[in-house]
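Trainee: These protein sequences, in sequence, are chains L and E. Under the numbering used here, the first residue of the first sequence is numbered -4, with each subsequent residue one higher. Under the numbering used here, the first residue of the second sequence is numbered 245, with each subsequent residue one higher.
Bear in mind the hints are in silico, worked out from the structure with no lab data behind them. Careful: at least some of the hints might be erroneous.
Stretch by stretch, here's where chain E covers chain L in the computed footprint (C-beta under 8 Å, at least three residues) [as the list claims (entries may be wrong)]:
id : segment
1  : 62 to 75
2  : 87 to 101
Restricting the straight-line Cα-Cα distance to at most 30 Å, the calculated cross-link-like pairs of lysine-lysine (BS3-like) are [as the list claims (entries may be wrong)]:
id : chain 1 : residue 1 : chain 2 : residue 2
3  : E       : Lys285    : L       : Lys51
4  : L       : Lys51     : E       : Lys263
5  : E       : Lys266    : L       : Lys64
6  : E       : Lys262    : E       : Lys284
7  : L       : Lys65     : E       : Lys263
8  : E       : Lys285    : L       : Lys21
9  : E       : Lys284    : L       : Lys65
10 : L       : Lys65     : E       : Lys266
11 : E       : Lys266    : L       : Lys51
12 : L       : Lys21     : E       : Lys263
Note that the coordinates shown come from a computational prediction; the quantities given were computed from them, not determined experimentally. Positions of the beta carbon are idealized from the N, C-alpha and C atoms, including for glycine.
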Amino acid sequence: SQQGEEDPQALSIQEGENATMNCSYKTSINNLQWYRQNSGRGLVHLILIRSNEREKHSGRLRVTLDTSKKSSSLLITASRAADTASYFCATDLNDYKLSFGAGTTVTVRA
Amino acid sequence: ETGVTQTPRHLVMGMTNKKSLKCEQHLGHNAMYWYKQSAKKPLELMFVYSLEERVENNSVPSRFSPECPNSSHLFLHLHTLQPEDSALYLCASSQGHNYGYTFGSGTRLTVV
């Protein structure tokens, strides 16, 4: 069953702007992961944040996790056209059932 | 290439056909997964194999039959599919818990 839900469903921004998307989930997690998917291809793993971590960075990506609110956010700074993709959060309950949300579609306009 | 290779990339099959999807990883991962991605729907976990044993069968119809002969290879055998089975089928592998998954590029399946 779907555990995470992303918000917004779609986001359109100008190149150079920041993009923020959120993920909410329902039950306690072992970790939360963010993935990117370009146009019907496979998913690419971006960041994994453990339940005892609050923030992680990877290049232009920043992920936060608030376990009290059961929510996470992904920030992409200084967006580029190549960041146009769908972004998914996924929750790991430590049971081999990584559960994905429906995704946020991000369009970066030149 | 991500290290997880799926073949074929595209497949069109009739409802009475039998076909197989293949997935191969040489990343040394010990778990492999099949996911189904339909339009406008979240990814659906179908099957999980850990150390070559099936640990999850997520209420998938019997017309889908997985096979994991070794830790590097995973198959999905298809027979008498329905048009609603048309989707992108994604294979993934991982080192286990607390590790990200590595996905293949997927097989775009169309059932006619």
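Trainee: What hint numbers does the structure not satisfy?
Mentor: 1, 4, 5, 7, 10, 11 and 12
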